[in-house]
Amino acid sequence: MGEHERVVAHVNSREDLLRRIRDALVELPDDERVVPVPRAGARQGSGAEPGDLAALVDLFAERLECHGARLHRITAADIPDQVRAALREHGARSVIAPDGLPAEWLAGWAEEEGHRIVADSPLATTGEMEQVDAVVTTCAAAAADSGILALDGGEGQSRRPATLAPDCHVCVVRADQLLPSLPEVMDRLDPRRSTILVGGPSATADAATPGVHGPRRLVVLLVR
Numbered sequence: 001m002g003e004h005e006r007v008v009a010h011v012n013s014r015e016d017l018l019r020r021i022r023d024a025l026v027e028l029p030d031d032e033r034v035v036p037v038p039r040a041g042a043r044q045g046s047g048a049e050p051g052d053l054a055a056l057v058d059l060f061a062e063r064l065e066c067h068g069a070r071l072h073r074i075t076a077a078d079i080p081d082q083v084r085a086a087l088r089e090h091g092a093r094s095v096i097a098p099d100g101l102p103a104e105w106l107a108g109w110a111e112e113e114g115h116r117i118v119a120d121s122p123l124a125t126t127g128e129m130e131q132v133d134a135v136v137t138t139c140a141a142a143a144a145d146s147g148i149l150a151l152d153g154g155e156g157q158s159r160r161p162a163t164l165a166p167d168c169h170v171c172v173v174r175a176d177q178l179l180p181s182l183p184e185v186m187d188r189l190d191p192r193r194s195t196i197l198v199g200g201p202s203a204t205a206d207a208a209t210p211g212v213h214g215p216r217r218l219v220v221l222l223v224r
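Numbering-wise, the UniProt record's numbering puts 211 at position 211 of the sequence shown, and it's gapless, one number per residue.
Calculated from the structure, these hints are not laboratory results. Remember, it's a predicted structure, so these values are computed and weren't measured experimentally. The reader is advised that the hints may include incorrect statements.
Said to hold, decoys possible - Here are the simulated distance ranges between beta carbons:
id, residue 1, residue 2, range
1, Gly127, Asp187, 32 to 38 Å
2, Arg193, Glu128, 21 to 27 Å
3, Thr75, Thr125, 35 to 41 Å
4, Asp52, Ser94, 37 to 43 Å
5, Pro122, Arg70, 29 to 35 Å
6, Arg216, Asp81, 39 to 45 Å
7, Ser121, Arg224, 29 to 35 Å
Beta carbons: idealized from backbone N, C-alpha and C, even for Gly.
Sequences and hints are given; from them, build the entire structure.
This is how it looks when you write it as C-alpha cells:
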C-alpha cells in the first residue's frame with residue numbers, strides 16, 4: 001500500500017469510527033428539564049439565546065455532578081484565582097501545563113513555595129505523568145447532555161492520554177464551547193486530530209485508544 005493510500009485509509013477509518021460513535025448514542029430519558037436544542041449548523045459562538053445557554057449550563061452542571069465532577073461558573077478574570085483554588089483544594093504541588101496554556105493561569109500558584117510546573121514532554125511516560133499531582137487544560141468542546149469534554153490537541157490541550165494521568169484534572173471551558181449534545185461536539189472536531197473524550201472521574205477515553213482511565217477528580221471552570 002502506497003503512502004497516499006495509507007493516509008486515505010487512516011482518514012476513512014477515523015471518519016467511520018466517529019460515525020459509529022454518533023450512531024451508537026441513544027437519547028437520554030426525558031426528565032423534568034427541557035432544553036431547547038439549536039441545530040449545529042445554526043450555532044455561531046454560543047449559538048443560543050441567553051435563556052437557552054443558561055439551561056445548557058444547568059444541564060451540563062447536573063450531568064457533571066452525576067459522575068462526581070464539579071463545575072464552577074466564573075468570568076475570564078477569575079481564571080487564575082479559581083485554578084489556584086482548585087489546585088489548593090486538591091493539595092497539588094506539581095502540575096502539568098500543556099503547550100499553549102496561558103502562563104498567567106498558573107503564575108500565582110507557581111509562586112508558592114514547593115510548587116512546580118511540569119512541561120508536557122512527548123518523551124514523558126504515563127508512569128512519569130502519574131507522579132504529577134494535577135493537570136490544567138483547556139478543551140475543544142463540551143456536551144451538555146452527557147457532561148463530556150473533548151480535547152483535540154489544540155492550545156492548552158494535549159494529543160496524548162498520558163497527559164491526563166494525574167489524579168486531578170482542572171479544565172477551563174468557554175461558554176461558546178458548550179454544545180447541546182455529543183454528536184454536535186463530534187461534528188465540530190477535526191477528524192484528522194487525535195481526540196480524547198473526558199466524561200468525569202475514571203471515565204476518560206481516547207477515541208483512538210479506548211480504555212484510558214480518567215482523573216479521580218475533575219473540576220470544570222466554565223467561563224461566561
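Status of the hints after comparison with the structure:
1. At about 36 Å, the beta-carbon gap between Gly127 and Asp187 stays in the expected band of 32 to 38 Å.
2. Checked against the hint of 21 to 27 Å, the pair Arg193 and Glu128 passes, with Cβ atoms roughly 24 Å apart.
3. In this structure the hint that Thr75 and Thr125 lie 35 to 41 Å apart at CB holds, the actual value being about 37 Å.
4. Asp52 and Ser94 have their C-beta atoms about 40 Å apart, which keeps the hinted 37 to 43 Å range intact.
5. For the pair Pro122 and Arg70, the supplied restraint of 29 to 35 Å holds, since their beta-carbon distance comes to about 30 Å.
6. In this structure the hint that Arg216 and Asp81 lie 39 to 45 Å apart at CB is violated, the actual value being about 24 Å.
7. Range check, Ser121 to Arg224: Cβ separation about 34 Å, and the 29 to 35 Å hint holds.
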